[in-house]
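Enquirer: Going down the list, the protein sequences come from chains A and B. Going by the numbering used here, the first residue of the first sequence is number 1, and it counts up by one from there. Going by the numbering used here, the first residue of the second sequence is number 1, and it counts up by one from there.
It is worth saying that the hints were derived from the structure and are not from the lab. Some clues are possibly wrong.
To be verified - Simulated restraints, written as ranges between beta carbons of each label pair:
| id | chain 1 | residue 1 | chain 2 | residue 2 | range |
| --- | --- | --- | --- | --- | --- |
| 1 | B | Ala103 | A | Gln71 | 23 to 29 Å |
| 2 | A | Ile107 | B | Pro75 | 16 to 22 Å |
| 3 | A | Pro104 | B | Leu76 | 28 to 34 Å |
| 4 | A | Gly64 | B | Trp77 | 21 to 27 Å |
| 5 | B | Leu76 | A | Gly64 | 22 to 28 Å |
To be verified - Chain A regions said to be covered by chain B (calculated; three or more residues, Cβ under 8 Å):
| id | region |
| --- | --- |
| 6 | 59-69 |
| 7 | 75-84 |
In this text the structure is predicted, and so the values were computed from the model without any measurement. Just so you know, even glycine gets a beta-carbon here, dropped at the ideal spot from N, CA and C.
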Amino acid sequence: MSAENLYGLAAIAGLALVTLIARTFFMLPERELPMPDWLKRGLKYAPLAALTAVIAPEVLMTQGALVNTLQDARLPAVLCACAYYFWRRGILGTIVAGMAVYLPLHIGWGW
Amino acid sequence: MSLSRLAAQLRQPAFRDGVVDLIGPAVGVGAWGLVTGVAMVKSGMSVWLALLMSLVVYAGSAQLSVIPLLAVGAPLWVVWLTATCVNLRFVIFSTLWRGYFQAQPLVQRLAIGYFSGDVIFVAFMKRFPRVEPAPEQLPYFWGAASLNWLAWQIPSVAGILLANAIPLSWGLGFAGVLAILGVLLSLLVDRATGVATAVAAAAAVAAWALPLKLNILVAVVAAVAAGLAMESGERHARQNALRRRAAGEQKR
């Protein structure tokens, strides 16, 4: 087996392991895990924040800098997607509405 | 799990509910899977290695962030550390999974962890807002997890096999961003969650320059602090209003 394949295999095995450990981390211990009350209340904001943190830079930044032009297909697309969501509350429609704005502007006009 | 138990779980209505709740987000997950598949092969990874990675690792954001590292042959510990940091949000999610599934045997808990992605987590939290065990949770989880797995793997494999026919410049991955946006909007229930989200967005952008995607962790800490501050602020305001009303009634 070539060194390149070995490197790839080792990388994949490690990635699978660290991902599994991350996703099960606090489910692994059998004993009680006492947690202060404020932390329990605070943790309910964590998923919201993590997802926001994953997508905010994808929408608001280009090459590591804040978007500095309005001619960016992502901004009108996100606005339309939000508007659709608050109108109809459907996630599928939110994606479709956003992409319907994004793709023509992005592919057609190069925004 | 024996086959008869599996079949029994498939028949439960909660299993179907899990599938149905994931249909909308699955479109975005699929677009994301497609783009990840294409990106792996275009970075120079061999097709069979890319297939193995998709099927074994099954972690979109972690895969996307290590693809450029693998392409230049970065040291393995850098690859693994980067993935670990990108995955830190799952460590936080696992505290909540624990509240639902700690009574399950270890193998089941490992399986739940392995198959739980962002979108499943949010759907599950919305469906079961109280963090306590309930019998329909397992079938609901497996319903959502099955659809999510298919919605990710089929397009991902297609992307790997058809990499040269699908240009990344189309920006199809944006559908994944919109899917997360959709589930995010469904979580905004009051002023505290709204403020926490705004704080998270600002922190994630401001801390972007941090290595290893640690801006996600900064955003989580900032948002939890902001959410707790909002809660305690609102509690004080309520108590003050009550006290004022009580004082007014005494005067009369």
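Enquirer: Of the hints given before, which are not true for this structure?
Expert: 1, 2, 3
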